Amino acid sequence: MRSIGFVLAALLVSSAAPSRAEESEGITVVGTGEVLVRPNVLEISLGASGSAELSGDAAAKYRDAAKSITGAFEQLKLKNLKIVPGGLGMQQAGGAAGIAGMMVAGGVDEGPPLKSKIEIGRSLRLVLSGVDKLGEEELMSTISRLLDTAKDAGAVVGESQAASMLARIYGQQSSSSLVTFVVENAEAARSKANQDAFRQARERAKQLADLAQADVGRVLSVEEVPQSMAADEGNAPQAVMMMMGVMSSGGEKRETRVVSDRMSEIPVRVTLKVRFALQERTPGK
Amino acid sequence: MAAPADVVVDSTDVNSSASPFVLPAQPQEVNEALEDFRRYAKRGTWEKAFKSLQTMVSKANEGLIARRDGMAVPAPVLWRSLLAELPGDGKKAYRLFHDAEAKALLDAAQGKDELAKLQQIVNSHLVTSVGDVAANRLGDLYFEQGLMDRAVEAWQMILTALPDSSLSRADLLTKTGIALARAGRWEELRLVQQELADKHARDFVVLGGKRVAPAEHLAGLARLATPTPSASQPDLVLPDVDDAAPLWQFRLSQKRDAVVVNPRMGWNGDEFGRMALSEMVLPVDFDDERLYTSLMGCNMALDIKSGKLLWRSGRFHDVQQKIRQNAYYIFPERYQIAVDSTRIWSVGRTADHVANHGSLFYLVGRDKKTGKELFNSKSVKDVQTWSIIGKPLPAGDVVYACGYKQGQGTQIHALAINVQDKKLVWSRQLGTAKVDPDQNYYQRVVMPALALHEDKLFVETHQGALVALGTADGKIAWAVSYRCTMPQNYYGQRPYATASTPQLAGGVLYSKGMYGEDVLAVVPSGPRLLWRRSVLPTALVAGVDGDRLYMAGEVQPDGSHLLIAYDLKQLERQAPKLAWSAKVPPSTPWLGVAATRSRLYQFTPRGIYEFDKRSGQNLRNGDAEAYRRVNHPFRGADSDNDGGAVIVTPAALITSSNMTITAYPLRTAPGPAAVSAATAGGR
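Protein sequences, first through last, are from chains A and B.
Take the first sequence: its letter number 222 is residue 222 in the working numbering, and every next letter is one higher.
Take the second sequence: its letter number 9 is residue 9 in the working numbering, and every next letter is one higher.
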């Protein structure tokens, strides 16, 4: 029985893995498709938080901050503006900025605070849709109004000081842009880019096949090459930031989005790695 | 004989490791005497116990002893409270041993010695058969002298420590209530009035020859409660448009990088942690006609309405020259001014020593109208080698200040100087600081802040202790330590450090030290620590009115700043609850908030914010329910600044930033006329 089991296991392994002979057959090519799309949504990241030694105080400060910030934007009465709250978080306060400060200053600071503090906070995302319909002047004026409203309400706009500092320490690029432009519903563009990428891959395969005096056969495999690493995959600086409480570690998973820090057409790019079978050319061709 | 109750004896250790300021403490013999007292009292061996008490007082110096409630008091004050807390057997025994002595003292309490003898009886023999009589007469004397807090303290000792006194309780409560009303301690007055209504409804007292029902009489006084100064200041009407023209503007420089405010001047840049000259907010004070300021010791007066320069004590160019030569040792925050009825008082170095390391800071008094120098501490024999630190506090013929002798920067003293005969009345060492201000290159200099009430001078050291001294002799009446971070003296990140002046409202003193993690509420007469309330170290006391404490400058971890209001329950020993908090843009730590009847105003880099005191609502955020329909702070005519102080004067609204002093027309909302203007805090 045991020997039958071994034989079966060997058969399964051998059938799962492609044979060396198969791996070497065919042509593997890469095709890229790109579609330019204009952003239709504008986002501004804000934060609302409260910090104190007493958790009741921290909660009260957070509530007042959130109310003040959302109230300020409601007063603008912009139709297409909505505020998307992130998840509520609670952590020990001062640790990340204090540690980052120590690291930048060479380990010297005013000393540890005598009491621990609680910080309650939540990220807020201002989302303004329909920006693709605005002219440049009107867009600039709207963005200025939003930023002024945010700053007048005492909101922190963009990346926190602690996050910037830690990013600098780890040599990571940190964005200084206050505004993010987003393409929503990029699926149509992505689909077109897929088609273009595949077409390009087939054309390249045909060129190579011609050189080999062969024909392009069936598709053996298709693989999408990712454009950039995911934010939470094996990135040490990000992990440190999460550990220090500078960055949210979870609670909301966002799909990879098409974003830019400029209001201009954004390329939606797809790269496909396709393996075609090679067929012997029929004589007379 | 019943077993004596355990008498709690306090430790003599007034200094904790959590405070960087070391208060004067008692010698070891006093500690031993207290331990002896405890031991003997526990056994009921009263004669030996009282001898130990006498030893304690005789060996005690002018240092302090820590009480279990957190207050540190002189030995005689502790003796008094130990006696008051004795069990019945102990009090009886005390009378047995000390009645004769107390009676002799009472008989000798005549003429010019009357007050001193009565005070001695109260301190040392309160629980004797004549203690209540002495305390009652002492209270009467203090009342006649206008020292209401002291009068209340004397009568309350009888009410709390001598419940068996044969003196009429209704009489004592009535007198206490009247003194409380005169002292503006309205909450306590209401409690006394309630007790009279509950327990003495049928009693009558004689006032001014008339028999009156005491509860009704005090209720009548309570109806006359006067508001705090800010509560009588009408609210402002700020312009809706940003380009509302100012009345005038005094500009430090045309550009941020001009000579006087060059941010790159050597160690005055951010990179070494030292407060940059470019952050300097000019100190400002005012009277009905003039605004006074000091540019690194160059004093000047401006007409409040026109901004015309009326006089100045030196040339700006000279200041600039000296700063250019050596920018390393300038401490801009040490240049302070204060105004009284005839003089402007300033603290600063002489113009030719502005940038000299170790040069003394002098106290100078000038005629307000002409600028003529009338007083200079360098020509006062007793203080000519002292360096003055902090804002001075003029009070009639005396000016109070803090200082230290040359080369002894850690020995901080309080000083009282008679300005008529130009002599030092007294000096008193408050304690020992751990950092010498002359060597504090990398952080904002820690400077004591002064406040005055009746016969007490309050000194917030901003280094871990709040101290009260008697104005007559400078003796320390009590002190409270609080936890705070020790100022550092080496290169590093410069922390955001604010400083405010202790504020008295409704008979309670509120204070928050620089880097301190608590705001304190102390009833000075008693004294009694009402509560400590945890706040972030960057917060400062911005104001107090009837039932709210306002704090500004609190920096959150995300970098935003808060203005916060706390609900006060003044007589309850519980920390106040947070009523509301409002976010404002980050501003200079040299900030000052103005309070009016129902509004708070804060000057930030984005303009003047206006908040409703009750709700914390930002009244300039476009809310249709607010009385304005603008949606941003009043930007004003001072741009590219770090914020600063906003000050309401009788004739103009003033902002003082690191770039300008700007005056705007003063428009007020309809309401009671202003009794006095709010002044800026934070310096």
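It is possible that part of the hints are untrue.
[Stated by the list, open to error] Computed cross-link-like contacts, DMTMM-like style, restricted to lysine to aspartate or glutamate with a CA-CA straight-line distance of at most 20 Å: (1) K210(B) with D171(B); (2) K422(B) with D436(B); (3) K422(B) with D473(B); (4) K577(B) with E53(A); (5) K82(A) with E203(A); (6) K67(A) with D612(B).
[Said to hold, decoys possible] Residues from chain B that face chain A, not an exhaustive set, calculated with beta carbons under 10 Å: (7) K305; (8) K308; (9) L309; (10) E517; (11) V535; (12) L536; (13) Q556; (14) S560; (15) P586; (16) R606.
Just so you know, the hints here were simulated from the structure itself, not pulled from any lab data.
All of these numbers come straight from a predicted model, not from anything done at the bench.
C-beta atoms are modelled at their ideal positions from N, C-alpha and C, and glycine is treated no differently.
- Hey, does the S560(B) contact hint survive, CB to chain A under 10 Å? holds (5 Å)
- Item | Proposed proximity, D473(B) with K422(B) (alpha carbon, max 20 Å) | Holds, at roughly 17 Å.
- Does the structure keep K577(B) and E53(A) at a Cα separation of 20 Å or less? holds (13 Å)
- Message: Min Cβ distance, V535(B) to chain A: is it shorter than 10 Å?
- Response: holds (8 Å)
- Item | Cut-off 10 Å, beta-carbon criterion: hint that R606(B) touches chain A | holds (6 Å)
- Is the shortest C-beta separation between L309(B) and chain A less than 10 Å? Violated. Min distance 35 Å.
- Task: Take a quick look at whether K422(B) and D436(B) sit within 20 Å of each other, Cα to Cα.
- Result: violated (28 Å)
- Going by Cβ atoms only, is K308(B) closer than 10 Å to chain A? violated (34 Å)
- Mind checking the CB of Q556(B) against every CB in chain A and telling me if the closest is under 10 Å? holds (5 Å)
- Item | Satisfaction of the K305(B) interface hint, Cβ to chain A closer than 10 Å | For K305(B), the interface hint is violated, since the closest Cβ of chain A sits about 31 Å away, which is over 10 Å.
- Query: Taking 10 Å as the limit, does the beta-carbon of E517(B) come near enough to a beta-carbon in chain A?
  - Reply: Where the cut-off is 10 Å and the nearest Cβ of chain A is about 6 Å from E517(B), the hint holds.
- Message: Just to be careful: measuring from the Cβ of P586(B) to every Cβ in chain A, is the smallest value less than 10 Å?
- Response: holds (9 Å)
In the structure shown, a violation is registered for the earlier hints numbered 2, 5, 7, 8 and 9, in ascending order.
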